[in-house]
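Residue numbers (our numbering), protein chains in the order written: chain A, 1 to 241; chain B, 1 to 241; chain C, 1 to 241; chain D, 1 to 241.
Don't read these hints as lab results, they were simulated from the structure.
Among the hints, erroneous ones may be present.
For chains that are exact copies, the list does not tell them apart, and a pair is met inside one copy or across any two.
Simulated pairs of lysine to aspartate or glutamate, EDC-like, Cα-Cα distance not exceeding 16 angstroms [said to hold, decoys possible]: (1) K14 to D231; (2) K237 to E122; (3) K38 to E165; (4) K237 to D124; (5) K237 to E147; (6) K205 to E37; (7) K104 to D231.
Number of protein chains: 4
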Amino acid sequence: MLRVLVYNEFLHEKDPSCRASAIYPEGIHAAIAAFLEKEEDITVSTVTLDTVETGITREILRNTDVILWWGHMAHGAVPDDIAALVQEEVLNGMGAVILHSGHKSKPFMRLMGTSCSLIWRESDDLERIWTSAPGHPIAQGLPAYFELPGEETYGEPFGIPAPDETVFVGWFSGGEVFRSGCTWVRGNGKVFYFQPGHETYPTYKDENVQRVILNAVRWAAPTCRITDCMDCPNPPKAQKD
Amino acid sequence: MLRVLVYNEFLHEKDPSCRASAIYPEGIHAAIAAFLEKEEDITVSTVTLDTVETGITREILRNTDVILWWGHMAHGAVPDDIAALVQEEVLNGMGAVILHSGHKSKPFMRLMGTSCSLIWRESDDLERIWTSAPGHPIAQGLPAYFELPGEETYGEPFGIPAPDETVFVGWFSGGEVFRSGCTWVRGNGKVFYFQPGHETYPTYKDENVQRVILNAVRWAAPTCRITDCMDCPNPPKAQKD
Amino acid sequence: MLRVLVYNEFLHEKDPSCRASAIYPEGIHAAIAAFLEKEEDITVSTVTLDTVETGITREILRNTDVILWWGHMAHGAVPDDIAALVQEEVLNGMGAVILHSGHKSKPFMRLMGTSCSLIWRESDDLERIWTSAPGHPIAQGLPAYFELPGEETYGEPFGIPAPDETVFVGWFSGGEVFRSGCTWVRGNGKVFYFQPGHETYPTYKDENVQRVILNAVRWAAPTCRITDCMDCPNPPKAQKD
Amino acid sequence: MLRVLVYNEFLHEKDPSCRASAIYPEGIHAAIAAFLEKEEDITVSTVTLDTVETGITREILRNTDVILWWGHMAHGAVPDDIAALVQEEVLNGMGAVILHSGHKSKPFMRLMGTSCSLIWRESDDLERIWTSAPGHPIAQGLPAYFELPGEETYGEPFGIPAPDETVFVGWFSGGEVFRSGCTWVRGNGKVFYFQPGHETYPTYKDENVQRVILNAVRWAAPTCRITDCMDCPNPPKAQKD
Chain A
1 MLRVLVYNEF LHEKDPSCRA SAIYPEGIHA AIAAFLEKEE DITVSTVTLD TVETGITREI
61 LRNTDVILWW GHMAHGAVPD DIAALVQEEV LNGMGAVILH SGHKSKPFMR LMGTSCSLIW
121 RESDDLERIW TSAPGHPIAQ GLPAYFELPG EETYGEPFGI PAPDETVFVG WFSGGEVFRS
181 GCTWVRGNGK VFYFQPGHET YPTYKDENVQ RVILNAVRWA APTCRITDCM DCPNPPKAQK
241 D
Chain B
1 MLRVLVYNEF LHEKDPSCRA SAIYPEGIHA AIAAFLEKEE DITVSTVTLD TVETGITREI
61 LRNTDVILWW GHMAHGAVPD DIAALVQEEV LNGMGAVILH SGHKSKPFMR LMGTSCSLIW
121 RESDDLERIW TSAPGHPIAQ GLPAYFELPG EETYGEPFGI PAPDETVFVG WFSGGEVFRS
181 GCTWVRGNGK VFYFQPGHET YPTYKDENVQ RVILNAVRWA APTCRITDCM DCPNPPKAQK
241 D
Chain C
1 MLRVLVYNEF LHEKDPSCRA SAIYPEGIHA AIAAFLEKEE DITVSTVTLD TVETGITREI
61 LRNTDVILWW GHMAHGAVPD DIAALVQEEV LNGMGAVILH SGHKSKPFMR LMGTSCSLIW
121 RESDDLERIW TSAPGHPIAQ GLPAYFELPG EETYGEPFGI PAPDETVFVG WFSGGEVFRS
181 GCTWVRGNGK VFYFQPGHET YPTYKDENVQ RVILNAVRWA APTCRITDCM DCPNPPKAQK
241 D
Chain D
1 MLRVLVYNEF LHEKDPSCRA SAIYPEGIHA AIAAFLEKEE DITVSTVTLD TVETGITREI
61 LRNTDVILWW GHMAHGAVPD DIAALVQEEV LNGMGAVILH SGHKSKPFMR LMGTSCSLIW
121 RESDDLERIW TSAPGHPIAQ GLPAYFELPG EETYGEPFGI PAPDETVFVG WFSGGEVFRS
181 GCTWVRGNGK VFYFQPGHET YPTYKDENVQ RVILNAVRWA APTCRITDCM DCPNPPKAQK
241 D
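Using the sequences and the hints, build the whole thing.
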C-alpha cells in the first residue's frame, strides 16, 4: 500500500465569508483524500493545523510514503521543528507534493533554499495548463493542455532552483505565465510542486488536476528509505585488495 | 575585441513576395550586425547560406568568440561537416546564440541531442516575454516583461534537455506558452536559445530584443579556448608523492 | 515483459590474441544476456556489428524497451542512419544503457551533443566504485562501495553535459577519478552511462556490476512511448472558454 | 572594487594543543585575506565567531560582493537570524564560497536544503584534485590535477542537490573520492563549495588552492543586486497591446 498523508491548514474553509467554505465544506484535505482513496493501492490520512503537533511526528512520517501540503495564511503557525522533521524525512526518502500557495510553506522553502517568491493576482483569470514534458510519469493521461475556468494568477519570476524537469507551464488569460509543475530530487526523496488550487475555486474537483496529483503521488513514492541521512559517518580506512 | 559571426540563411528576405523583403531588405544578419556594431568592444562578421562553405571554416571559427545562427527553410542545405565544425568549436569554447527557427538547425540539434521540436502557428499573436531569471546576465536591463505586437507563435512541448537556466518565458495571446530564453553549458562553450525573430515581423528592430541579444553575446563569450576537446589522451601513470 | 536488446560490436572476443577471447568466448553480449535473462520479467535479444543492418531497424527498436550498447574499436562502422534511429527511439521513449567504451559510440555522442572525451590508461589498476546517490533506483542493493581488482583506468575530465544525477564515482589505484555512473533524461527516454567493462577483465561476471546493469535496465524502461517526437505540429488556434 | 568578507569561526587556531595554532597563528581568515588582498581590485574584511553579531549585519552584507565561510566545531553557535541574513543576501545576489567543513554550516545547509552530509576520516591521506570542468572560470590556470600531501579525507555520498557544474573531483590515497568543487545558482546569487582546507594542514598556503579561491571569488561576484527577492508582489493586470 502507498501511504499518503495530506496536510491542509484548514482555515479558509471554516470561514463562512470565504467562498472556500461552500466549495470545500469538509476541507481541501478531504476533497483530495476522496479522490486518492478511490485507488486500491493507496491509503490516505489527513492532518490539519490544529492537530499538526500530534499529526506530524517522526513516527508518523516514517510510516508515510508521500506527503501532500496545502497551506496559505498560516505558514508561520507551523512549528519550525515540524517543518524540519518533514524536510528531514524527505531527505530520507519520503515523497512530497506541494500544492499551490504551499510555495511559501516552511517545508518547501527549507527544501528549496530559495525565496520561492512569485507574483500573483486574484482576478478570475482562466488558466490553461500546458504539458511541457509529455514523457514524464506525472504527465501520463493528460492532454496537450487543459483549462481551469478560474484560478488565482501566479506569475514569473518563480524563485526556485532550476527544476530537474518542468512538467507543466501555465498560461493565464490576464497575461502571466508560470512554471506550474516542477520536479526536484532532494536527498533520497522526490519533490513535486503544482501551482493550481486556490481555495476559492473548485480546482481539486477537476479531473485533470486529480490526475496530475495522483500521478505525482505515484511518482514521488520512495525507492528506498534511509533513516540517518543527516549523519556524517567516520569509517575506518578500508584495505585495498 | 569580442569577435561575433552572424550566420543567416538569407532566403526569405530575397523573396519579394515575402514580407521579410520589406522589413529586412539587406537581410536579418545585417539588421543584427547593425546594432551589435554600435558597441565599441564588438566586431561583427556575417555569413549567409550562399557563402557558407568559405565563410565558416575551422580557421574562421577559431577566430570567432560568439556565433549567432538564424536559419529556417534551408537547414538541410548546410553541409553536415560545417555543422560538425560549429558544434566542435562550441565544445572548444566558442559561444553560440541560436535564434528563433534555428531550433531545428543542424548545429543546435547536434549540441542538444534532442528533437528540439515545438508547436507553432502563424496568426499574428501578440507575445509577452517574461523575465523568469532577473539576476541572470542576459536579463540585465530588461523589464519584468516586454511585448512584441506580432510574432509567430511557438508552444510547448519544446524538445530540449532541461536548461541550466530558463531566463525568459513567452506568453502568446492565442493561448500558448514557451520557454523563450534558455541556457546550456556544452563542453567549454555556452549556448543560448532565444525564441522571438520570425522573418515577417520587425522583431530584431525591437530595443528589448536587441538588449537580450547583446547581453547574450557578452554572456556567451569564452572563458578560455581549448583546441582539442574531442581527443581522449592516454597519459602515463603519475607518481604519487 | 521488459524487452531488452544488447548491442555488442563483438570483435575483441573473436581475436585469439586478445584476453577477451578467453574471458568472453561467446561475446560480451552473451555474458550480459545470460544474467539479465535470469529475471522472469525480462526477455533479451542481441545484435552484433556484423548483423547491425538487419538487427537494428525501426521495427525492432519500436519493440525494444531498453537498448544496451557496447562498442570500442568499430564505432565508425555503425552506419549513421542506424545511430540516428537509436537516438530517435530514445527520444521517443526507449531506454539506453551505454557501457564502458561506448562513451564514444555514435548513439551516445548524438544524445549528449558533447565530446564524451576522457583520459584513459591500461595498467591493471584496481577500481573502487563509490555509490554517490544511495537513494537512486540504480543504486539499490549496492554497498557503499565495491571493488574490481582490475579495470581500464578512465579519468576526468569526462566531456558530458552535467548529469541529472551522478550515481557512482570511480576511484582508481593509479590516481584517477571518474564519474562512473551518470543519468540523463533526453526527450521521453532515459540514458544511463556506466564506466566499468573493459574487454580484458571479467567485469560483466561481477555480481555488483550485474546488479547495477539490471537496476539500470529497470530504471530506463519507458513510462510511455511516443512515435513522432521529431515532428513540429501546427495546431489551429484553440477557442478559449 | 570587489568587496570580500571572510568569516572564520577562529577557534581551532587559538587552541595551543591543535596543530592549527602553529600553521595559522593569526587564523585561517587572516591567511585567506592575505592572498586575496594582493589583488588590486579586491578589498577584504574578516569576521570571526566572537564578533559575528556586529560583523554580519544586513548593512554589512549589502556592501559585500562575496562572502567566504569557514566553520567547523561551532556551526551551532552562529545565530539562526544571522544565517538567515546570509542566505537572503545570497538570494539577492551576493556570492558565497563555502570552504571545507563549512558543508555543515547553517548558511550552506539553508541554501542547499539537503543534508550536506559526507563521510570523513583523519588519516593524513594525500589528496589529488582533478579538474573535471577545464573550461569553467574557476578552473582557469589550474593544471589537469594538483596534489595536497595531507588533507582530511572527505568521501561520497555528499548530500547535495545535483550541482550545476562539478569543477573538481578529489582522489584520496586512502581510497575515497569526493566532488570537491561544485557550483550552484540560488536566486540571484552564485554558490561555490570547495572541499580542501582542514585546519591541521597548510592548505590555504598552497598556490593552487589560492588560485581556486581567487577564481571562485571573481566568478561569484554579483551580476546585479536585488534587495527584495523574498517578496511576492501583487501587480495589477496589465493592458495588453
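The hints, checked one at a time:
1. In this assembly of identical chains, the alpha carbons of K14 and D231 never lie at most 16 angstroms apart, being 42 angstroms within a copy and 28 angstroms across copies at closest.
2. For the homomeric pair K237 and E122, the shortest alpha-carbon distance between copies (10 angstroms) is at most 16 angstroms, but the shortest distance inside one copy (60 angstroms) is not.
3. Proximity of K38 and E165 under a CA criterion of 16 angstroms is satisfied in neither setting, with 28 angstroms inside one chain copy and 34 angstroms between copies.
4. Proximity of K237 to D124 under the C-alpha cut-off of 16 angstroms is restricted to the inter-copy arrangement: shortest distance 11 angstroms between copies versus 63 angstroms within a copy.
5. For the homomeric pair K237 and E147, the shortest alpha-carbon distance between copies (14 angstroms) is at most 16 angstroms, but the shortest distance inside one copy (59 angstroms) is not.
6. Proximity of K205 and E37 under a CA criterion of 16 angstroms is satisfied intra-copy only: 14 angstroms inside one chain copy versus 45 angstroms between copies.
7. Taking CA atoms no more than 16 angstroms apart as the test, K104 paired with D231 passes between copies only; the shortest distance there is 10 angstroms, against 28 angstroms inside one copy.
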